[in-house]
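> Okay, here's what each chain looks like letter by letter:
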Amino acid sequence: MLILVILVSRKMIVIQVNVETFWQINTPYSLNLKQFDADFFILFNAASSQTHILNMLCADLLELLKDCPDNSIALSEKLAQQYEFSLDADFCIYVDKMLADLDCLGLIEPVIL
Amino acid sequence: MMKHEGLSFRTGPFVFCLHSPIANLPVLLHSLYADYLLVKSAAFADFHIKLSRCGSWWRFWQSRLMLFEADFDTPYRPFAKDTILPFLEWGINWCVATQAHQYLMLHAGMLEKNGNTLLLPAHPGSGKSTLCVALCHRGWRLLTDEIALVQPVDLALVPFPRLIALKNQSIAVFHNFAPDAVLGPEYPKTPKGTVCHVRPPTDSIERSNEVGHARWIVLPQFKSGASLSLQSLDKTQAFIQLTDHSFNYELIGLRGFKAMTALVDACDCYTFEYGGDLEQAVAQLNALADGLI
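Chains as they are written, first to last, in our numbering: chain X, 1 to 113; chain D, 1 to 293.
Chain X on its own, in the form it takes in the complex (with noise of 0.2 Å):
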């Protein structure tokens, strides 16, 4: 566990990022993208039959996770430096949040290294 402190306007934020642990896709081969529009993606997964629909974040980190398993201080880097976001506390917090929900549709899996 690591405890990052963090200055945002000021004021002193103190977050819990567990980087020990690393993320991958569960099943790299079953899942299959669409795009019809800008702002979303289709996921279907066939592991599981199940449709998803994600913003481009999300698909984005998806995208960084097929190319190597990655912890999510790492995922939050990248991700800010695409999009030209700040990384602060609430960002790493959006993306923690994100590699929570991923994991619990079963999209992605922890991983030891």
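To be clear, the hints were calculated from the coordinates, so they are not data collected in a lab. Keep in mind that the hints are not guaranteed to be accurate.
Said to hold, decoys possible - Think about it this way: if two alpha-carbon atoms lie no more than 20 Å apart in a straight line, the pair counts; the simulated SDA-like pairs of lysine to any residue are: (1) D:K258 - X:N32; (2) D:K258 - X:S49; (3) X:K97 - X:L64; (4) X:K97 - X:Q24; (5) D:K258 - X:A59; (6) D:K258 - X:Q50; (7) D:K258 - X:F36; (8) D:K167 - D:F79; (9) D:K258 - X:A46; (10) D:K258 - X:L79; (11) X:K34 - D:A262; (12) X:K66 - X:F22.
Unchecked claim - Quick list of the computed label-pair ranges, beta carbon to beta carbon: (13) D:S229 - X:I53: 55 to 61 Å; (14) D:L37 - X:Y29: 43 to 49 Å; (15) X:T27 - D:Q151: 26 to 32 Å; (16) D:A80 - X:M56: 54 to 60 Å; (17) X:I53 - D:N168: 55 to 61 Å; (18) D:K40 - X:M56: 55 to 61 Å; (19) D:L37 - X:E109: 52 to 58 Å; (20) D:A97 - X:S48: 20 to 26 Å; (21) X:S48 - D:T202: 57 to 63 Å.
Stated by the list, open to error - Where chain X lies over chain D, by a calculated footprint (3+ residues, C-beta under 8 Å): (22) 224-237; (23) 255-268.
All values derive from a computational prediction rather than experimental measurement. Cβ coordinates follow ideal geometry from the N, Cα and C atoms, glycine included.
Since chain X is already given, all that's left is putting chain D on it; use the hints.
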């Protein structure tokens, strides 16, 4: 004949063999099924269905109840004899919706004009059947009003033209709209209220081996007194709505996903709200088909 060998008829890609000892059933079916192709009884049938009396001589209180059986399955509880045709029709649809997984199946009407097919996916009560029956009596070819069959491999829309069941107020509305249409008896005591069946135009039944090609997806919604409104719908929303109207999208897995996305890709998608004026609704969809919208 119907009692022993059964009466075999083709509807869309399926052959049904109907067995029944009920004496007046052939007379009842004759006017509504006159255009359907009869098949030799000894030939292969996709579905064997049976309408029979419930109970036995010592359970005389059940003698007015009927039972629908399909290949030894009984999807419905016994029903009153005076609702026999609605249950036969629901039973036939039940057979297809639960078995024909070689197709992606949608709860949708399908009609064709100028070689292009319009899909009307909708929940019960949204005015889909009323719209279907109105369009097919104004020059559109009916492929189905209830179960849209999509061949996943090439997206061909396979016709399955069944009797069109109108309910409650829509019966009188349609009767005024097309007084010459062939309507069956009214059944006032069904679980869905009063039901009356309309025979599809002969041309639609005779051409039921000609597949359609999807061009438009229109989600209809009848609202009493509402003004006509045809609004473009973005494709992600159309996809979500379409999966909601499918009988077997999840069941057939990746084939279903690929067919559904290709179907949405191939079509312009709209929502369509209409009030009581069927002529106006038909005119609007004619304008769409004629490229005026």
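> Evaluate each hint against the coordinates.
Going through the hints against the structure:
1. D:K258 - X:N32: Within the cut-off at roughly 9 Å; holds.
2. D:K258 - X:S49: OK: K258 (chain D) and S49 (chain X) at ~12 Å, within 20 Å.
3. X:K97 - X:L64: 16 Å, holds
4. X:K97 - X:Q24: 16 Å, holds
5. D:K258 - X:A59: 19 Å, holds
6. D:K258 - X:Q50: Given pair K258 (chain D), Q50 (chain X) holds - Cα atoms ~13 Å apart, limit 20 Å.
7. D:K258 - X:F36: Given that 20 Å is the threshold and the Cα spacing comes to 13 Å, the pair holds.
8. D:K167 - D:F79: Satisfied, since the Cα-Cα distance of roughly 18 Å is no more than 20 Å.
9. D:K258 - X:A46: 11 Å, holds
10. D:K258 - X:L79: With Cα atoms ~29 Å apart, K258 (chain D) and L79 (chain X) exceed 20 Å; violated.
11. X:K34 - D:A262: Roughly 10 Å separates the two Cα atoms, so the pair holds.
12. X:K66 - X:F22: 13 Å, holds
13. D:S229 - X:I53: 55 to 61 Å: 25 Å, violated
14. D:L37 - X:Y29: 43 to 49 Å: Holds, at about 45 Å.
15. X:T27 - D:Q151: 26 to 32 Å: About 28 Å separates the Cβ atoms of T27 (chain X) and Q151 (chain D), which means 26 to 32 Å holds.
16. D:A80 - X:M56: 54 to 60 Å: Between A80 (chain D) and M56 (chain X), where Cβ atoms are some 56 Å apart, the hint holds.
17. X:I53 - D:N168: 55 to 61 Å: 36 Å, violated
18. D:K40 - X:M56: 55 to 61 Å: Cβ of K40 (chain D) to Cβ of M56 (chain X): about 59 Å, so the range 55 to 61 Å holds.
19. D:L37 - X:E109: 52 to 58 Å: 54 Å, holds
20. D:A97 - X:S48: 20 to 26 Å: 23 Å, holds
21. X:S48 - D:T202: 57 to 63 Å: Hint violated: Cβ distance 46 Å, outside 57 to 63 Å.
22. 224-237: holds (count 3)
23. 255-268: holds (count 5)
Checked against the numbered hints given earlier, the structure breaks hints 10, 13, 17, 21 and satisfies all the rest.
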